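Numbering (the numbering used here), first residue to last: 9 to 758.
Among the hints, a few may not be true.
As the list claims (entries may be wrong) - Just the calculated beta-carbon pair ranges, DEER-fashion: (1) Ala-540 with Leu-300: 53 to 63 Å; (2) Asp-600 with Arg-61: 36 to 46 Å; (3) Leu-574 with Arg-538: 53 to 63 Å; (4) Lys-671 with Glu-63: 34 to 44 Å; (5) Thr-731 with Asn-267: 33 to 43 Å; (6) Tyr-576 with Lys-701: 16 to 26 Å.
What the hints assert, rightly or not - The calculated DSS-like cross-link candidates involving lysine-lysine, where the alpha carbons are at most 25 Å apart (straight line), are: (7) Lys-128 with Lys-41; (8) Lys-618 with Lys-484; (9) Lys-709 with Lys-752; (10) Lys-41 with Lys-192.
Keep in mind the hints are simulated off the structure, nothing from the lab.
What you are looking at is a predicted structure, and each value in this text was computed from that prediction instead of being measured.
From the three backbone atoms N, C-alpha and C, an ideal C-beta is built for every residue, glycine too.
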Amino acid sequence: MKKIATLLSIIGACSACSTIEPKSEVNSSAIEKYNNILNIHGDPREYTYFEPRKETDKTGTNYINSFVDLGAWHGYYQPEIGNFELYGGFAGPFYLAEEYAANLSNSFSKLSIEDSNSGKIYNLKDGKAQFNYYPGRLEQIYTLEDFVLKLELIFASNRTSLIKTEIINRSDKDLNLNLIWSGKIYNEFQSWNEEKNKYESTALDNSLIVTNRGIKVDFKEKRLVWDYMISDEAQFKVTHDSEIETKISGDSYTSKLTNVLITPGNTYTHHSTETFTFTEKEANDEAPKIYLILADPQKVFDENTKRWSDYLRKSITNPQDKYSKIAVKSIETLTTNWRSAAGALKHDGITPSVSYKWFNGLWAWDSWKQAVATANFDGELAKNNIRALFDYQIQANDEIRPQDKGAIIDAIFYNTDEDRGGDGGNWNERNSKPALATWAVWKVYEATGDKEFLKEMYPKLKAYHEWWYTNRDHNKNGIAEYGGMVHRYNNSPEEIILAAAWESGMDNAVRFDVEGYGEDDIGVKVFENRDAQENLVGYSINQESVDLNSFLYAEKVYLGKIADTLGYTQESKDFFEKAVYVKNYINDNMYDEATGYYYDLQFDHAGNTKLLVNRGKGTEGYIPLWANAADDEKAKKVVENILDENVMNTYLPFPTAAKDNPKYDPTKYWRGPVWLDQAYFGIIGLNNYGYKKEARDLTIKLFENSEGLLEDGVIRENYNPETGEGLHCSNFSWSASVYYLLYKEFFFNK
9 MKKIATLLSI
19 IGACSACSTI
29 EPKSEVNSSA
39 IEKYNNILNI
49 HGDPREYTYF
59 EPRKETDKTG
69 TNYINSFVDL
79 GAWHGYYQPE
89 IGNFELYGGF
99 AGPFYLAEEY
109 AANLSNSFSK
119 LSIEDSNSGK
129 IYNLKDGKAQ
139 FNYYPGRLEQ
149 IYTLEDFVLK
159 LELIFASNRT
169 SLIKTEIINR
179 SDKDLNLNLI
189 WSGKIYNEFQ
199 SWNEEKNKYE
209 STALDNSLIV
219 TNRGIKVDFK
229 EKRLVWDYMI
239 SDEAQFKVTH
249 DSEIETKISG
259 DSYTSKLTNV
269 LITPGNTYTH
279 HSTETFTFTE
289 KEANDEAPKI
299 YLILADPQKV
309 FDENTKRWSD
319 YLRKSITNPQ
329 DKYSKIAVKS
339 IETLTTNWRS
349 AAGALKHDGI
359 TPSVSYKWFN
369 GLWAWDSWKQ
379 AVATANFDGE
389 LAKNNIRALF
399 DYQIQANDEI
409 RPQDKGAIID
419 AIFYNTDEDR
429 GGDGGNWNER
439 NSKPALATWA
449 VWKVYEATGD
459 KEFLKEMYPK
469 LKAYHEWWYT
479 NRDHNKNGIA
489 EYGGMVHRYN
499 NSPEEIILAA
509 AWESGMDNAV
519 RFDVEGYGED
529 DIGVKVFENR
539 DAQENLVGYS
549 INQESVDLNS
559 FLYAEKVYLG
569 KIADTLGYTQ
579 ESKDFFEKAV
589 YVKNYINDNM
599 YDEATGYYYD
609 LQFDHAGNTK
619 LLVNRGKGTE
629 GYIPLWANAA
639 DDEKAKKVVE
649 NILDENVMNT
659 YLPFPTAAKD
669 NPKYDPTKYW
679 RGPVWLDQAY
689 FGIIGLNNYG
699 YKKEARDLTI
709 KLFENSEGLL
719 EDGVIRENYN
729 PETGEGLHCS
739 NFSWSASVYY
749 LLYKEFFFNK
């Protein structure tokens, strides 16, 4: 009877519903209300990644925040107020040397204005300077006695930015001006050596080439696998809307446009593009686009305004709401981390952070969370982010790991690794990531209504789901474990346990400490998983994780929903029935009555089990509430823990290791800091079980107490639960996704 009632409740929860988009007060003028909500001012140097400023910052952080859009692989900063050397141009740009950011210059296209009659150079520091970062657009305004200079920058394509230069004559006489653009490339790359405590330099040997409408940077091939990778086909090209005289001197250039006549009260307008491409084919494909951009630049600006107005219209209903700033900052963070297809990446996707050296690829569970948020304002980008990972779903005929048929690998980058014929070092096939792909696909469908996307993804999702049970269910009881793949680097128990922790997404979580905790804890062990023919297909650790199996429970429910939507009635029924088994197992075996919480379950070959209460509470223990897998009475006890200030309800709520965990540390990555995805799971869990006020209250605590969030600070990778201090890397995409989703859940149209 319990099984039938549970099954009916699942099916009832899967009933289709339609939503009406609420009326929004947002229009194009709303863009202006979100000026400079993220500080992107700085002075770019030969090094992009700074010496760490504090212990909790990651080595390899770019402290200068940036602006990128449309999936481009180059981006810009604004000069700092008072840094007159950079006045007259947008700082940078930086470019991605395939997997690592490098600054091309401190200001590659800096404009000087000369009186062509007297030879006088106007000094921009003599006027009033204003630097604006609006959603989707940078702007600089210099107000001098004779004229106003206005520079605007947007992205026109995934390889090209567009700069509008306007000079407004505010004097009572004609102005006859020479416009002089200049820049100097950084021809060495500096990287921080943590062991030697200094920056080390590498010569780049790039060169400048004159074109009839500007200047081109010709890159020389460098393959430094852990620092900088570029081919000799790469180029950065500036194209002006008219022929221009350009001269080169070493690593510097000047481009001059002479005798620009502006009568009193009138405006002169000039346009130029800046294009970064990796290959000759990309450059050739972009050339006609540049021609069209410069032929009608106003159309490009209008399209940009419309796109960003649509982003805001779909995301906020009241620009006066102070929390709407969080949603907009989240969109800016996600779009800055958006990369278009290039190299081995076959679809667009969102990287974790362009500001951190090692985060310029696509990770599986990052992508699932990012897609759920992005689907609300750019459905196609969300779908492509998912497709990008499934492009490398392991097939039965795979040359390297056919035994992993259906699996999604951990991380993909511009370059594959040597096993796949590339020379990259960041590509990772040692493990997968938690089972959230089907949730993401369903949420994208809910946001877009694209049934064809469901049809496309359904068989792929089924194959991935099945992989968990063929390759990560050691004792074949229908309950999975985290583990590792058969891989040359998974060559010892220690390395496999590391891969298993990566597979959980919680790299150094307390529950994966090899030694365990307490006298009767045997610690983390590795088991080999073999198929019916005794072939090694992967590894599991000796614990059935409550979060993984809650995710897999939810995945069965979502697969059932998808099957039902596509008309596969029997498959839908099968998934719902299998979900009941997992739900019952979680409640019967992974819950501790004494502490009112869920934990991982340790097991051995003899069939003995131990509930790992001794390793303390962590955020994994409330995932059953997010998944709607918890029994009501058990959920009530978990909620008491969530709301307890000595457990999960800290100054910034939802520490990854509870405050009462014996190994809690508020600054040590997954051993205490607040990760926003885990906070999201907790808040939605509260909401699912009727604690709606509490869910909203904890959302407000996150909004109010996260350092810099309501000012011009960055969105961080994680936060100190006791102080709200931002920790580790900056401009982190899944944190942005969660802030966005929480705003939509509790404040959009409220």
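To see whether the hints hold, each was checked on the structure:
no. : hint                             : in the structure
1   : Ala-540 with Leu-300: 53 to 63 Å : holds (59 Å)
2   : Asp-600 with Arg-61: 36 to 46 Å  : holds (42 Å)
3   : Leu-574 with Arg-538: 53 to 63 Å : violated (34 Å)
4   : Lys-671 with Glu-63: 34 to 44 Å  : violated (19 Å)
5   : Thr-731 with Asn-267: 33 to 43 Å : violated (60 Å)
6   : Tyr-576 with Lys-701: 16 to 26 Å : violated (39 Å)
7   : Lys-128 with Lys-41              : violated (38 Å)
8   : Lys-618 with Lys-484             : holds (18 Å)
9   : Lys-709 with Lys-752             : holds (16 Å)
10  : Lys-41 with Lys-192              : violated (35 Å)
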